[in-house]
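There are 2 protein chains.
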Amino acid sequence: MRKKITIKEVAKKANVSPATVSYVLNHKESISEETKKRVWNAISALDYVPDLSARSLTAGSSKLIGVVVPQTETGNRLMFENNFYSEILGSIEYRARQCGYHVLISASDSNENYMTLAKERNLDGIIVIGIYPNSFYQELKKTQIPIVLVDSYCNDHYYHSLRIDDIYGSYLATKYAIDHGHRQIAFFCGEIKDDGVMKQRLHGYREAMEERSLPFDAHYVFEGKIDYTNGILLAKKLCQSGLKATAVVTTADILAISAMKTFYEYGIHVPDDISVIGFDDLQISKYLTPGLTTVHQDISRKGERAMELLLNSIENPKLTKQEEIMPVSIVERGSVKTIQSKPEKKVI
Amino acid sequence: MRKKITIKEVAKKANVSPATVSYVLNHKESISEETKKRVWNAISALDYVPDLSARSLTAGSSKLIGVVVPQTETGNRLMFENNFYSEILGSIEYRARQCGYHVLISASDSNENYMTLAKERNLDGIIVIGIYPNSFYQELKKTQIPIVLVDSYCNDHYYHSLRIDDIYGSYLATKYAIDHGHRQIAFFCGEIKDDGVMKQRLHGYREAMEERSLPFDAHYVFEGKIDYTNGILLAKKLCQSGLKATAVVTTADILAISAMKTFYEYGIHVPDDISVIGFDDLQISKYLTPGLTTVHQDISRKGERAMELLLNSIENPKLTKQEEIMPVSIVERGSVKTIQSKPEKKVI
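The listed protein sequences correspond, in order, to chains R and L.
Counting from 1, one number per residue, gives the positions in the first sequence under the numbering used here.
Counting from 349, one number per residue, gives the positions in the second sequence under the numbering used here.
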């Protein structure tokens with residue numbers, strides 16, 4: 001077993017009490033400069049590393065934050081199939097490390113378990129990515145820990161919130177298709193829930209259609225889960241529907257990617273026979289053939305901002321709800337073709 | 349601030365000393381059944397959650413394991429661009445959670461920092477994915493914590509080790525290309541280092557070539573980093589080299605993916621003009637067009653096994669070095685074409 005220098009040994013060497021060592025470590029004001037110096041000399045001489053689990057007991061801060069990532073439907077993996085989650089986690093970890101925090105990663109397998117985890121580990125804060133059942137939000141705020149929700153429309157004022165302009169993202173994508181001559185535009189999305197981003201993105205799609213007097217037709221909306229398998233299913237459904245869509249606007253690159261593959265297998269080529277637009281701009285999306293035209297969001301920056309909002313809230317516990325909305329834009333690649341469309345009616 | 353039930357309140361309610369509560373929580377033998385019952389009743393009545401940071405001080409176990417993932421070259425992200433890392437992290441977290449452990453994720457920005465982290469957090473064990481400078485291994489074992497290395501050929505007997513059969517993987521890929529008529533086969537790999545998997549995979553490539561009396565030519569080996577950008581660079585180098593390669597064997601799917609894209613931009617089509625074989629079998633690889641023929645490794649299983657080896661070692665601290673090698677196989681998709689090759693010389 002490892003031999004570990006204890007706070008008692010430091011205290012003995014510095015000729016003070018263990019409590020005094022603890023005060024010095026936690027930068028309490030009441031210690032004389034002379035004593036402080038003696039304690040730091042002893043710490044240095046013994047190569048003592050303060051145990052953060054001990055410090056968290058005395059100082060009340062664990063320097064540990066939790067990041068909650070959704071699970072796969074089977075519950076046996078984190079949702080890293082969608083690289084969005086790993087990209088954002090990478091940047092949260094980086095920012096946390098820079099600020100002296102460590103990152104505990106986990107799924108929430110039930111509300112109660114995560115509550116227990118947060119208490120047991122004495123987490124300083126939590127970043128929750130994605131949406132969860134309403135009961136989760138109701139329970140989680142009982143921890144009284146600062147929490148930043150990423151990509152949730154839960155409007156409970158307990159939570160700080162960071163998201164992109166979801167409505168505008170899908171509006172841009174749909175408008176882009178319309179501007180390229182498309183009129184029959186299918187919409188592939190994840191499950192539409194009240195707190196979630198999908199409802200907002202559908203709204204953006206409708207807005208762009210209606211702005212150009214194109215009728216909204218619910219038959220063109222294909223709803224599923226956000227994973228590769230569902231991109232295949234939704235593409236098959238569209239192929240079998242008899243609808244004459246010339247373009248598909250999706251709410252996730254991974255839906256777009258597996259849909260493109262499925263169209264290809266049906267002998268329908270992208271972009272010649274059908275145009276496809278993604279959402280997220282994952283790193284992979286520019287390496288596809290054709291490259292995926294998509295709605296770009298700065299995922300790395302989103303992770304960093306989530307961590308910054310959380311830190312701000314940890315340092316200022318009385319801070320009222322912080323809310324931040326990040327911009328989106330269209331990245332043009334090769335998956336959309338300009339088609340001839342019937343001229344729109346003009347009022348002369 | 350949260351109101352937290354303390355061990356003192358539990359002790360008061362159970363009419364025992366705080367130390368007794370601690371003994372009961374840590375399952376010490378010396379407490380009478382009657383006292384135990386009283387303590388557990390008090391814990392239950394007060395809804396007390398033991399603070400793991402407190403328990404780790406007394407019980408010596410933090411139920412926390414560290415997972416080290418390499419950083420990007422710029423040092424500002426975890427290497428999640430390669431989905432291999434997020435897939436394996438997802439399965440480690442799952443297995444850990446099942447067994448009552450939590451996962452601290454981080455990069456090692458220097459040897460010393462990770463040493464400090466391991467001590468400060470009182471980690472029960474560490475899983476290190478990928479290879480690091482030799483000094484890192486020398487330092488890390490001073491922690492005296494059980495450590496499992498994934499995909500490292502560091503032969504220090506302190507470390508437990510989990511990897512795939514790297515030589516055989518590249519041997520299989522190269523043999524597959526040869527069996528499909530290819531003779532001029534380029535090899536795209538990451539940096540070849542002594543402790544790393546690349547050296548082994550190059551060995552497998554050579555073995556397959558030499559087995560069929562095809563001369564090894566170092567000009568056909570293109571070395572870089574394992575990321576999308578380098579797949580592009582290596583493909584460009586091959587295109588500009590004047591070499592007449594009809595196939596490329598790579599050591600990572602992400603190299604293969606961005607190389608395919610680059611060939612396409614040069615007007616060289618996969619598989620008609622050049623065949624490409626990957627390594628890893630990431631989830632994305634079957635959704636490409638054409639699908640990527642690749643060396644499959646069971647990444648999820650690898651993460652679970654890494655966690656299982658670590659747990660075994662945590663529970664049995666005197667265990668000598670555990671070593672496990674997982675199998676690989678070829679997954680046939682659409683990126684390899686059979687070509688006519690000159691008949692090989694036969695000894696009559």
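Everything labelled a hint here was simulated from the structure, so no lab data went into it.
Being a predicted model, the structure only gives us computed values, none of them experimental.
Warning: the hint list may mix true and false statements.
In silico SDA-like cross-links for lysine to any residue, where the CA-CA straight-line distance does not exceed 20 Å [stated by the list, open to error]:
| # | chain 1 | residue 1 | chain 2 | residue 2 |
| --- | --- | --- | --- | --- |
| 1 | R | K321 | R | Q144 |
| 2 | L | K584 | R | T289 |
| 3 | L | K490 | L | R531 |
| 4 | R | K119 | L | K634 |
| 5 | R | K286 | L | K634 |
| 6 | R | K142 | L | K584 |
Right, here's what the structure says about each hint:
no., hint, verdict
1, R:K321 / R:Q144, "13 Å, holds"
2, L:K584 / R:T289, "17 Å, holds"
3, L:K490 / L:R531, "49 Å, violated"
4, R:K119 / L:K634, "42 Å, violated"
5, R:K286 / L:K634, "17 Å, holds"
6, R:K142 / L:K584, "56 Å, violated"
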